Each structure stands twice: as C-alpha cells, then as structure tokens.
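> Could you build the full structure based on these sequences and the hints that come with them?
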Amino acid sequence: MNSNELLKNWYVTNFKTFEDNLNGESKSKFHQVRKDALSKFRELDFPTLKDEDWRYTNISPMLNYNFRQPARVKIKNEQIEKFLFDKKDFITLVFVNGYYDETLSSIPKEVKGLTIKNLSTAIKENFNITEKYLARFALYNTNIFTALSTAFLKEGAFILVEKNSVIEKPIQILYVTATGENVITNPRNLFVVEENAQVKIVEIHKSLEENLNFTNTVTEVIVDNNAVVEHIKLQDENLRSFHVSRLEVDLEKSSNYSSYNVSIGAAISRNDSNARFNDEGGECTLNGLYLTQGEQLVDNHTMIDHAKPHCNSHELYKGVMNDKSRAVFNGKVLVRKDAQKTNAFQENKNILLSEEAIVDTKPQLEIFADDVKCSHGATIGQLSKDALFYLRSRGFGEEFARTTLIYAFASDVVHSISIPEVRDRLEAMLAEKLLKQKETVSLITE
Amino acid sequence: MSTEVNEIEELANREYKYGFVTDVETESAPKGLNEDIIRLISTKKEEPEWMLEWRLKAYRHWLKMTEPTWQNVNYPPIDYQDAIYYSAPKMKKVLNSLDEVDPEVLKTFEKLGIPLEEQKILSGVAVDAVFDSVSVATTFKAKLAEEGVIFCSMSDAIKEHPELVKQYIGSVVPYTDNFFAALNSAVFTDGSFVYIPKGVRCPMELSTYFRINAANTGQFERTLIIAEEGSYVSYLEGCTAPQRDENQLHAAIVELVTHDNAEIKYSTIQNWYAGDVNGVGGIYNFVTKRGLCKGINSKISWTQVETGSSITWKYPSCILQGDNSIGEFYSVAVTNNKQQADTGTKMIHLGKNTRSTIVSKGISAGRSNNSYRGLVKINKKASGARNFSQCDSLLIGDQCGAHTFPYLEVNNPTAIVEHEATTSKIGADQIFYLNQRGLATEDAVNMIVNGYCKEVFNVLPMEFAVEAQKLLSVSLEGSVG
Chain A
-11 MNSNELLKNW YVTNFKTFED NLNGESKSKF HQVRKDALSK FRELDFPTLK DEDWRYTNIS
49 PMLNYNFRQP ARVKIKNEQI EKFLFDKKDF ITLVFVNGYY DETLSSIPKE VKGLTIKNLS
109 TAIKENFNIT EKYLARFALY NTNIFTALST AFLKEGAFIL VEKNSVIEKP IQILYVTATG
169 ENVITNPRNL FVVEENAQVK IVEIHKSLEE NLNFTNTVTE VIVDNNAVVE HIKLQDENLR
229 SFHVSRLEVD LEKSSNYSSY NVSIGAAISR NDSNARFNDE GGECTLNGLY LTQGEQLVDN
289 HTMIDHAKPH CNSHELYKGV MNDKSRAVFN GKVLVRKDAQ KTNAFQENKN ILLSEEAIVD
349 TKPQLEIFAD DVKCSHGATI GQLSKDALFY LRSRGFGEEF ARTTLIYAFA SDVVHSISIP
409 EVRDRLEAML AEKLLKQKET VSLITE
Chain B
4 MSTEVNEIEE LANREYKYGF VTDVETESAP KGLNEDIIRL ISTKKEEPEW MLEWRLKAYR
64 HWLKMTEPTW QNVNYPPIDY QDAIYYSAPK MKKVLNSLDE VDPEVLKTFE KLGIPLEEQK
124 ILSGVAVDAV FDSVSVATTF KAKLAEEGVI FCSMSDAIKE HPELVKQYIG SVVPYTDNFF
184 AALNSAVFTD GSFVYIPKGV RCPMELSTYF RINAANTGQF ERTLIIAEEG SYVSYLEGCT
244 APQRDENQLH AAIVELVTHD NAEIKYSTIQ NWYAGDVNGV GGIYNFVTKR GLCKGINSKI
304 SWTQVETGSS ITWKYPSCIL QGDNSIGEFY SVAVTNNKQQ ADTGTKMIHL GKNTRSTIVS
364 KGISAGRSNN SYRGLVKINK KASGARNFSQ CDSLLIGDQC GAHTFPYLEV NNPTAIVEHE
424 ATTSKIGADQ IFYLNQRGLA TEDAVNMIVN GYCKEVFNVL PMEFAVEAQK LLSVSLEGSV
484 G
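If you read the sequences in order, they're chains A and B. Just so it is clear: in the first sequence, position 139 is 127 by my numbering, and no numbers are missing. Just so it is clear: in the second sequence, position 110 is 113 by my numbering, and no numbers are missing.
Any given hint could be a false lead.
Claimed, not checked - Across the chosen pairs, the derived CB separations fall in these ranges:
| hint | chain 1 | residue 1 | chain 2 | residue 2 | range |
| --- | --- | --- | --- | --- | --- |
| 1 | B | 179 | A | 413 | 32 to 42 Å |
| 2 | B | 80 | A | 127 | 29 to 39 Å |
| 3 | A | 30 | B | 80 | 49 to 59 Å |
| 4 | A | 383 | B | 391 | 28 to 38 Å |
| 5 | A | -2 | B | 43 | 37 to 47 Å |
| 6 | A | 38 | B | 149 | 31 to 41 Å |
| 7 | B | 165 | A | 326 | 54 to 64 Å |
Claimed, not checked - Below, simulated DSS-like cross-link-like pairs (lysine-lysine); rule was C-alpha separation at most 27 Å, straight line:
| hint | chain 1 | residue 1 | chain 2 | residue 2 |
| --- | --- | --- | --- | --- |
| 8 | B | 355 | A | 373 |
| 9 | A | 373 | A | 194 |
| 10 | B | 384 | A | 373 |
| 11 | A | 312 | B | 67 |
| 12 | A | 38 | B | 67 |
| 13 | A | 320 | B | 67 |
| 14 | B | 67 | B | 34 |
Stated by the list, open to error - So these bits of chain A aren't anywhere near chain B, every CB distance computed over 10 Å:
| hint | residue |
| --- | --- |
| 15 | 24 |
| 16 | 42 |
| 17 | 124 |
| 18 | 266 |
| 19 | 367 |
| 20 | 370 |
| 21 | 412 |
Simulated from the structure, these hints should not be mistaken for lab results. Please read all numbers here as calculations on a predicted model, not as lab measurements. Where is the CB? At the ideal position from N, CA and C, for every residue including glycine.
This is the structure we're talking about:
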C-alpha cells in the first residue's frame, strides 16, 4: 500500500468517528450524499504534477500530514475582533475550528427576507432548499478535495435571500482556526439568492496561531433571475497552512455576480473559481489579487462557462510575487456552441519583485460559437521605467516610487468593491504589506 | 442566407485540387516495423555502421514510449505495423540532369504548377525535389558549391559529409524527445541537408517540395540545416499530396542550428490532402520542428501557412541559447470541414537579452477545430528577455471551434512577457461594405481574411506569399457565415 492509499485510509477511518458524532443526523437523507462522496474519495487519487490542472502546483507537502478532525474550542471576542468589521454594521457569522460559534456571531433578530444560519441546522430546518442545491453544483465525482469536503460536510454558512429582498447590511463570515496542530477544517457555504434579491457577502479566513492547518472549503452560490451578489473572499491564514478552496456559481437569467478573491496567506493555496451561465443576459465578474512572499505558492484556477447566449464576463487577476514565492494562474473561458453574442474578457497581470520568484500563467480560450467577442491578455514584467522616472523626478525616493507603483498596480483590483469598509481595509492592508515604513503607509492611504 | 449555405456546401464539396496519383513503379519494403526493416532501410541507403546503430537505439527507445494523448485532436489509433516504412521510386542509374528524371514524375510537378524547368529559369530557386522519400533531382548544385554551400538529400549527406551529420543529427531533437521523434529517428528515409559555411549569405532561396505518393507509405523526412558563424539562409518547404482513402502519417523532424550572428529563415506552406468533407482520409501531420540559436546574436525565424492535412499537430520551436538571440514564429493555420489543428510554438529563453515574437492567426470554418498551443519559458538566467505573443482566431460559421492554450512560465524578474489573444468573426458590416462596392461575398471574405493574415504573409518570401494567398482562398472559398 503506497503512501497515497495510507493517507486516504486515514481519512476513511476518521469518517467513522465523524459519523458517530453526528448525533443521529447520520440517519438523515442527506447522509447518503456524504457516503457517496466518501466512496468517490476512495476512488480518486490526489493530483500530481502529471495532471494538467495541477502541473505547476506540487501538493506533495500537503500529503505529508495526517490532518485530524478539529476539537471544539472556546475563544474570546477580543481575540478575533481585529479580523472582523464592526459588528454594528455587518451581520456576523463566526466559525472557530470549523464549528459555528453562536456567542461570537451576531445575527439581528429579524431581517426581512433573510435566512442565515449554520448549514448543519439548515440541513434539518430548510431541507427543501438544501436538498435542491447542496452538493449539486460543486460536483465531487472528479475532484478529490471536493469529495473530501462533501464527505465531512457539516458546518458552514447557509444564506437564503428571499425573492425581492434587498439586504442592506453586508454579511461577514469569519473562519478562524484556533488551537491544535495538523487540523483539517471543511467549511462549507451555500448561498441561495432568489429572484430580484440582492446581497453582499464577505468571507474571511484567518488563523489565530501559527499551527500548520489545512482548510478545505467549498462554496456554492445560486444567483436566481435578476439577482445581484457581491462576494469577497479574503484568505489570510498563517504562512505554514494549506488552503484549498472551490467556488461554484450558478447564474440564472439576467443575474449579476461579482467575486473578489484576495489571497495573501497560506504556504500553499489553491482556488478553483467556476461560474456557469445557465440562462441569458447574465453578468459575471471574477477579480483576484495575490501577494506572495517567502516560499508561498498560490494557484488560481478560474473557469467561466458561457453555456447560454448574451452573457458578459470580466476577469482581472493581478499578482505581486516576492522572494522565492510562486504564482500560478489558469483562466479558462468556454463559449459553448450557440452561446452567441458572448462577450468575455480576461486579463492576468503579474509583477516579479525578486530573482527567484516564479510565475506560470495559462489563459485559455475555448470557443465553439462564432458571433462572440473574446479576448485574453497576460503580462509578466516589472514596473514601467517611465513611471518610475516620473515619480523620481518629482522627488520620490527610489524605494518609495517603486512601492507606490506596486500599490497602485495591486489596489486596482479591489477598487470596485462596493462596501467602503471592506475596500478601505483591503487597501490599507495592501499598503502595509507592500510598504515597509509606517509613515509612507499613512501617506498613501490618506 | 440559404443561398449562402448552398454556396458553402457546394464549395465544401469541391474536390481536392491537387488530388491525383502518379503512376510510378515503386520499390517498397514489406509492411511493418522491426529491427530488420530498419537494417533494410540502412542497407538500401548504404549507410555507415554508426547511423544504423543510432537508428536502432532510437527504435529500442521508441518501443518503451507510449503515444501522447494530451493534444486537442482526435484520431483513430494508428497501427504502426500496418505501414510501409520504405519505398523509393525505382531508378536505374544516378541522374545528372532533369532529362533523365522519370517523365511521370515531371508531369506530377507540372500539374502542381511547379515544373522544375520553370523553377530553374524563372525563380532562381534550387529545388531538391523529394519524391517518395528519395531525391530525384537537385538543381543549382554547382552554383551553391561555388559558395561552399552544401545542399543535398539527407542520405547523400550521410555518405558524403558523415562528420557534419554525426555532429549535429539529434543535437536539437534527440531521439528521446518524443514518441514521433523516436519513430522518425529509427526509420527516417530522407530529407534535406543544408550547410552554410562561415560568413556566407546563401545566394538563393533553397526549396524542397515534398510529395507523398505510393499508398500506405508514411513519410519520415529529416531535415537538418546548419548555419555557421555570420551566415544566412532562407529555406522554403512546401507540400501537396494526392487524394487517398487511408490516413497517412507524416512524422518529420526539422533541426536548425545557428552559430554566432547567423540567421535561418524557414518558411513552410503545408497543403497536404485534408480528407473529404467528413474528414475521411487526409494526412496526419505530426512534425517536430526545432531550432537552436546556439551563438550570440543568432536568429531563427519560422513562418508557416498551414491549410492542409486532416490533422496538423506541430510546434516549431526556438531554443534561444546564445545571448541576444532572436526567435520568431509567424503562423496562419486554416481549418475547414472536419480538419483539426493543434499548432503553435515554444520559445525557450536561456541566454541574456533574448527576444521572441509570436504572431499566430487561426481561421476555423466548417466543422473544424483550431487550437493554438504555445509555451514561452523564461529561464532563471535569461535576464532582460522579452517576448510578445499575439494569437488571434477567426471563426467562420457556428459549427467550428477555436481554442487557445498559451503557457507562460517566467522565472526571471527582468523579463517582460506579453500575451494577447482575441477571437472574433467576420462582421456582417464588413461584408456589407464590400458588397456595396461591388464585390461578391466570397471575394469580400477572401479580402478580409487576407488582410487578417497580412502580418504573416508579409514575412513570407515573395514566391510563397503569392502561393499562400491562392491557397487560402481555395481553402476558404464560400465559407461565409
């Protein structure tokens, strides 16, 4: 038995314990899905560099650990306050080590048209919805990480926005890993936004300590006719951890979905963001930003499936790589037969700051319809000499001119976020990451 | 609209213009592939011992390899034992002039519009005509010899210049490179050999017309071009093939080497038989082409116009090893009916200040699939490297597909790599504009497509540019969407 098999067996054995702790829920109808996912997990293999989708991302360091199921821990509000936006202005869900923490969360008594709760509660109370959507979009039969997530599916955020409801307050979801080394969490989100409804969601992944953990998250978003969703994901886990994330978006008629995916933390992180137009007139924006240092590896895979005509998609992914870090981008746009009048634009821009940083990018178009406008562009380079000269001629020091330009390059991605607090926080964070001197931080952000 | 559709169908049904079979007696080896066949090929060609050893090593390596499956093309599995690996027109003696060439062969060339005599007189192009794997006529040898240029068939080169062949063969494409390269190395029967000595600018454009004849014969050409310090050569390769029912495999290898300050310009027009409307028959064009810019300031430029073959699968590449070396790739790939193309280039930047340009124009019509697949790799030590890539796709009709798979791997912070790709169709307004000015829809499409490909045609040698435009209109006639 090779190590791959041993590792899979480890999770299969853990599943038994997991099952026993479900407290009778294992008799529910949904449990069959978990069992199916587990059997798929057994059949599938962990990807290697020989798999085209993983050819630049070596996950073997992740396979050296037997990640354990997390323990429930209590943490204080002060410990996580800094990760969160003001609870007065946001509807807040907090998960510690993957478990919903009611005391740290803050959900207003009644928001018209909004159902927000822990997914495990929703599986019981909102069975019709979960039955219809959960694990229906993030298919687990080909992706081993999704299979693993689905087998251990228990807690996560469930958001249902009813027809014609506009949720004014943005929702923030914090996933924080606390004590415990080599712990795996499988946060699972299901967002269902019904006809003409609107919602803004911020998802934050943080670690409280420097433990080596593994976050394997899956999110499914259903955007019904004319609905509008803005979804921001900030991944800022500690630099020892591993993060694997999958996003599946289903866009119905004339719906609008925009995603901002910011990756700063984790030793190895991999994001699969997939959107599919299931009806005409949809609009989809996938934006991403990755900043890496040390020996980090960040891998972003996006796929936009233009299955129906008259849809627009926009993609902008930008990255700044320092030290020995490595970034991978793979953006796929698929325009199916008969998806006429499609507009699809994709851009990937990278800046390498050091000798040993590496970028591998593969923007990919697959087009089967003729009346379309599709373009993609990818650039890898450095700061423009002219721009640097301009700033220096105006009295900027070399270092400061350089960081100012990098900041301008990176902040471009988050500019169009519509929640001012989130935008400001991200911009400040960027400035802090990029500029070493504190005084310059305030100079720029002011 | 319906008249247009009819027009499309009518034109799509048009028979392959160059589809005819020359009736020349051929001497063939028995079907199948084994060490004995390789020994037979080697003996027939009167090769030295080391060549045979090399072939056998390649064959033994090939046996260990499996056929690749990652490509975006589909074809039924090839039975490598069901092909003939050696066939040569029967010749009674060594030929000195064109008069001695089999009149049937000459007639074939005449039908193709490239009679040797005319070529000789009008274009000043030396022609090394490969007719079923064996060179039948070589012209302008004397003039080239004056300059010290060696331009001969590969088999002659092995006999006459073994030291050069031994030094360079497999140095750019080793037999371990890929499945088809190994196969070719084992069984290659002919091809061209060019050697340009130091400081010589080749006085004429060198050209080889390949032609597949004799049913069931795979063509395994091997071309090797060496440009010594400060030399220049422009090499043209063009092909047409007669109609066949069975698929024919064409797995050639082209190796280019440029030393300091040398330049090789390699142009291809490929118009093998593309199969009928349903994609039956047609050539499989699986070729490994690679150039090594070995010296400083050297340059290799690939230009290709691909209109034929049922499957085109090749990536003419440049390894930019010398500092300041330049690699270029200009390509027009047209697919119609059920043709498939998966083509592009690889630019491997190893030396400092190396530059590469990629311009790829894909045109898909009918029910065809056209893919661009390219790799730009900037090595850690290639500081100051620069790449610009542009790959555009044009779709004609709603049954076809266009795909782009660019791979950019950058390992050096001083590199600047840019990639752009667009996909579009011929606008109804553009057609209307030209219709309005009295051009028939078909001519309008031709004009627009020619304009679209202009960037590539501009870098083709004159004689080829004319032929390319003609080919393009033949391949695309009537496919107005």
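> Taking the hints in turn, state whether each one holds.
Status of the hints after comparison with the structure:
At about 54 Å, the CB distance of residue 179/B to residue 413/A disagrees with the hint of 32 to 42 Å. Distance hint for residue 80/B and residue 127/A: a CB-CB separation of about 30 Å, consistent with the stated range 29 to 39 Å. A hinted range of 49 to 59 Å is violated for the C-beta pair residue 30/A and residue 80/B, which are about 31 Å apart. Roughly 34 Å separates the CB atoms of residue 383/A and residue 391/B, a value that falls within the hinted 28 to 38 Å.
The given range of 37 to 47 Å is broken by residue -2/A and residue 43/B, whose C-beta atoms sit roughly 58 Å from each other. A C-beta distance of roughly 54 Å is found between residue 38/A and residue 149/B, which places it outside the suggested range of 31 to 41 Å. Hint check: residue 165/B to residue 326/A, Cβ distance near 60 Å, so the stated range 54 to 64 Å holds. Restraint check for residue 355/B and residue 373/A: the C-alpha separation of about 19 Å stays at or below 27 Å, so the hint holds.
Simply put, residue 373/A and residue 194/A have alpha-carbon atoms about 37 Å apart, too far for the 27 Å limit, and the pair is violated. Between residue 384/B and residue 373/A the alpha-carbon distance is near 21 Å, which keeps this suggested pair within the 27 Å criterion. A C-alpha spacing of about 37 Å is found between residue 312/A and residue 67/B, which places the hinted pair above 27 Å, so the restraint is violated. Of the supplied pair hints, the one linking residue 38/A and residue 67/B holds, its CA atoms being roughly 19 Å apart against a limit of 27 Å.
Between residue 320/A and residue 67/B the CA atoms are separated by roughly 34 Å; this puts the pair beyond 27 Å, and the hint is violated. For the hint linking residue 67/B to residue 34/B, the alpha-carbon distance of about 21 Å falls within 27 Å, and the restraint holds. With a closest Cβ-Cβ approach of about 29 Å to chain B, residue 24/A is found to remain outside the 10 Å limit, as its non-interface label requires. Residue-level check passed: residue 42/A sits 14 Å from the nearest beta carbon of chain B, beyond 10 Å.
The beta carbon of residue 124/A is kept farther than 10 Å from every beta carbon of chain B, the shortest such distance being approximately 28 Å. With a minimum CB-CB distance of about 20 Å to chain B, residue 266/A clears the 10 Å threshold, and the non-interface call stands. Non-interface call for residue 367/A relative to chain B: violated, since the shortest CB-CB distance, roughly 5 Å, does not exceed 10 Å. Non-interface status of residue 370/A relative to chain B is broken: a Cβ of that chain comes within 10 Å, the nearest being about 6 Å off.
At the 10 Å boundary, the C-beta of residue 412/A stays outside the reach of chain B, the nearest C-beta of that chain being 31 Å off.
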